[in-house]
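Chemist: In case you want the letters, here they are:
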Amino acid sequence: MQAPTLDRSPDTAETTRKLRVATASLSGCFGCHMSLLDIDARITELVKLVEFDRSPITDIKTCGPCDIGLVEGAVANSENVHVLRELRANCQILIALGACAVNGGLPAQRNHLDVGEMLEDVYRDIDEGLPCVPDDPELPLLLDRVRPVNEVVRVDYFIPGCPPSGDTLWKYLTDLIGGRMPRLDYDLFRYD
Amino acid sequence: MSIRNSFTIDGERVDFEPGQSILQAALAAGVFIPHLCFHPEFSAHGSCKLCTVVVNGRNGSACTIAAMPGQEVRSDTPELNQRRRMLLQMLFVEGNHFCPGCEKSGNCKLQAMAYELEMFNDHFQHFFPDRGPVDASHPEVMLDRNRCIQCELCVRASRDIDGKEVFSLAGRGPASHLVVNAASGLLGDTPFAATDKAAEVCPVGAIMVKRVGFTAPIGRRKYDGASIRDQIEHPAPAQEG
Amino acid sequence: MQGLDDTLGQILTAHRKDPRRLVQILRAAQSEAGWISPEIAAFLADELCMPISRIHAVVQFYAFLYDRPVGRYRVLFSDNIIDRMLGSVALRQHMQRRMKVGRGAVSADGLVSIDTTSCTGMGDQGPALMINNRQIVRLTTRRIDEICDLMRDGAPLEDWPSHYFTISDRIRRAESLLGTSYVPGKALAQAIELGPQGVLDDLRRSNLRGRGGAGFTTAMKWELCAEAEAETRYIICNADEGEPGTFKDRVLLNSFAERIFEGMAIGGYAIGARHGVIYLRGEYDYLRAPLEMKLAAMRQRGLLGTNVLGVPGFDFDIEIQMGAGAYICGEETALIESLEGKPGRPRIRPPFPVTRGYNDMPSVVNNVETLCKVVEVMRIGGRAYALLGTKQSTGSKLISVSGDVARPGVYEYPFGVRIQTVLDDCGATDVAAVQISGAGGMTLAPHEFGRRIAFEDVPTSGAFMVFNRSRDMFEVARNFMHFFAHESCGFCTPCRVGCALSASIMDKIAAGLGAQYELNELTRLGAVMRTSSHCGLGQTAGNAVADTLQKFRPDYERRLMAGDFAPAFDLDAALERARQVTSREDAQAHLEGVA
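Protein chains in written order, with UniProt numbering: chain P, 1 to 192; chain H, 1 to 241; chain X, 1 to 595.
Worth flagging that the hints you see were computed from the coordinates, not collected in a lab. Any given hint might turn out to be false.
To be verified - Cut-off 27 Å, straight-line C-alpha distance, at most; resulting in silico cross-link-like pairs (DSS-like, lysine-lysine):
1) P:171 to H:197
2) H:197 to H:222
3) H:197 to H:210
4) H:164 to X:100
5) P:48 to P:18
6) H:164 to H:197
7) X:342 to H:164
8) P:171 to P:48
9) P:18 to P:171
10) P:61 to P:48
11) X:342 to X:17
12) H:197 to X:342
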């Protein structure tokens with residue numbers, strides 16, 4: 001489980017290069033992204049160190065080569081799989097961000113139900129009582145079970161929390177960017 | 001206390017009363033050893049294995065090994081804590097431990113141990129168990145078997161203190177699960193009461209008294225402010241010499 | 001229901017309405033009703049004055065007790081790797097197709113259910129199956145077809161050709177145990193001449209060690225039990241021979257039972273026990289009636305009962321209690337729990353059974369073979385006995401040889417025999433590996449065949465499974481890992497979860513989805529199980545994986561994928577249910593396997 005570390009050696013010419021960071025939300029609530037904004041004024045310090053690639057913050061839709069990928073949300077459908085794979089393929093380091101990404105979270109609470117019956121119950125014609133599940137090819141299909149991201153791709157780091165607080169994120173990311181093994185003090189380490 | 005009734009944990013001297021286990025003596029002396037299935041008011045169970053220590057070079061559960069003069073115990077070491085973290089991860093993936101949606105969050109010993117041991121993720125493939133729907137048949141208490149960690153504290157409390165024997169652990173291996181003493185299989189059809197000891201000892205959110213969840217706001221729950229390591233529940237005085 | 005209540009009433013009376021006989025009562029009730037229905041569970045809970053949850057706890061623990069209906073013919077294929085090597089999987093699938101029933105399911109008409117079970121102790125004459133507690137060996141496609149016809153006709157098992165149920169001993173090599181004649185009562189008479197202390201002294205001189213695998217000195221075990229303060233003591237014979245690949249106790253129980261009984265009686269005399277219990281594994285149910293008859297004959301001869309051999313006050317008798325499909329009950333404290341009518345979960349030790357065992361009384365638990373050896377010690381004397389074998393491992397050892405050999409069966413050797421000697425004798429050629437002492441034992445590679453079977457080198461409970469070079473040692477280890485995941489009692493975290501996780505990682509590797517990462521995971525899990533588990537099952541469950549990873553690594557590596565990670569499940573298959581309810585088959589409705 002050796003996680004890759006960012007090359008911050010002072011000998012390289014790239015030391016001053018800004019790190020490229022991608023973020024994505026799979027099946028989640030965007031709460032973790034909100035926490036990212038919750039670092040408040042510190043975001044000005046952050047943008048001195050990093051620049052954002054694919055992210056809801058930049059509205060860039062596809063991911064280029066990045067140093068760090070932050071993934072919020074669980075893997076619940078085929079689109080989530082595509083997005084997650086794209087980030088994994090492009091990011092040197094991939095971080096599972098928040099409860100849903102780390103262990104499935106709220107979306108995974110449907111895992112004891114049959115996804116077919118669930119869809120037919122939810123999409124039922126009110127007048128006729130018959131199931132009418134949308135079948136547009138544009139819509140991603142649901143997986144039978146919702147998975148944490150590390151059950152679908154290799155993940156390097158995990159930040160628990162629902163959501164992790166702005167302070168937690170700040171501490172974790174500045175540790176990582178600074179080339180330190182991230183540690184969270186007791187008051188920053190939360191699963192809820 | 002004479003030298004004869006003492007041993008060491010990680011080099012630190014711990015005195016003990018004859019009859020105490022290593023864990024009892026350690027907790028009484030304020031030395032924390034992670035544990036889940038042990039409770040000061042009950043006889044040792046030795047199933048969670050979180051308290052596994054190395055005693056004179058041999059692995060064993062601190063809760064079931066009698067304290068003996070001169071023992072050299074190793075507990076708070078990187079290797080043992082890594083092992084404990086893996087045991088916690090096993091417990092997390094085996095059940096459904098979704099903290100943000102659990103009323104026990106903040107007061108949960110499983111969660112508190114995981115904080116204490118800095119468990120960043122569940123690591124292993126999740127089992128997503130389906131041990132049946134939440135049993136809400138009882139007017140005052142609900143039972144969520146998917147949160148159960150099989151410590152049998154409720155089994156012991158109901159049998160040994162409440163005198164009701166409401167709970168049993170049935171099945172085998174990963175299929176082990178809690179059953180209740182009713183032909184219907186429902187908690188509501190047992191003589192269980194919210195005031196029973198068994199309602200209070202559950203370390204996780206499997207047995208929850210209704211209508212009291214989320215009463216303490218985040219920040220004021222048991223393990224919000226201080227780690228479980230710093231909140232050792234002192235054992236009752238040894239019952240016999 | 002009235003008729004059933006009467007029958008249950010009789011069963012309860014036969015067991016004195018004793019809650020500690022719950023496993024026996026449930027077995028008897030089930031043989032009448034087919035399964036333990038909620039009504040039966042409620043009736044028994046009522047009559048035995050125990051919570052119904054305790055009945056559920058027991059029924060759901062034992063593999064041979066059922067809380068839902070099973071087929072009128074209940075077919076269980078032995079699923080040890082040896083049975084598989086002999087073609088058991090294809091035979092089972094053939095029967096499933098013919099009877100139109102899935103694995104683990106009951107046919108629509110309720111006629112038959114087909115499933116697998118852990119090793120049934122027929123490794124020398126498999127593939128084997130159990131049908132309603134009877135054993136059928138040497139299965140072929142033709143015999144499966146005949147069985148299917150008989151089941152379709154609804155023929156009672158008593159009317160089936162009797163040779164189906166013939167189990168041979170297959171003794172291939174005999175020494176001091178299997179090769180010497182036996183005069184009933186002679187050893188016991190010798191013991192009485194020596195007196196209780198004299199028996200213990202002679203036993204100590206023999207340095208006899210337990211044959212179950214752990215090798216505890218028998219004399220010390222007996223002495224500790226004799227010294228414990230108590231009114232009652234017990235001699236328990238562990239006939240729960242569940243270790244995959246072992247069957248030597250089956251042969252002893254079949255053809256040397258009197259020696260077992262006499263060994264128990266000698267134990268009773270030496271430690272002052274009046275009661276003996278044989279805990280017979282459920283798979284050996286067919287041996288029960290013959291054993292009861294032999295016990296009756298022993299009583300008639302005055303070798304059991306009151307004033308045994310005319311010695312006033314020496315009362316000793318033996319009863320048989322049945323297991324119900326739980327490997328863990330071979331662990332002595334789990335066995336005792338089972339005898340007391342509970343799920344077989346190992347107790348916390350200490351206290352050891354010698355001070356607090358069956359019914360909380362001091363108890364000696366000895367292996368079947370050990371008890372036979374006691375008779376031998378009495379016959380020739382402890383000093384003479386100690387001359388055979390090695391200094392630390394005296395006497396002879398029975399070895400159950402199975403797998404890729406010309407002559408499978410039971411071989412008796414003096415301790416210290418080299419692995420290669422056994423291989424030569426049983427006609428094994430081109431051997432790649434030998435699995436010693438069952439699923440949790442050692443996997444030996446050819447460079448180790450010069451090692452000796454002895455407590456100080458290669459200890460064994462008796463299993464000796466041979467694999468030639470055509471075999472895949474990864475599949476051997478995978479079979480064993482699934483065995484442990486199935487048999488883990490579930491008491492402690494590392495074994496309950498660790499075995500299941502390890503088995504699923506082995507499945508992932510088998511599916512070609514494993515990487516180096518998974519091999520490391522197996523090693524990590526194995527270490528936690530070995531160091532933290534409550535009993536020997538969990539402590540040894542990872543051995544075969546660890547050994548084969550070290551000695552047969554290419555069998556793992558050729559399955560590894562090129563990348564560094566793949567999901568353990570098929571992502572495209574995970575969309576299947578959603579495709580069904582949307583009737584979609586467009587390109588977007590699918591996912592490729594690996595990114």
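Chemist: If you test the structure against every hint from before, which numbers come out violated?
Modeler: 1 and 4
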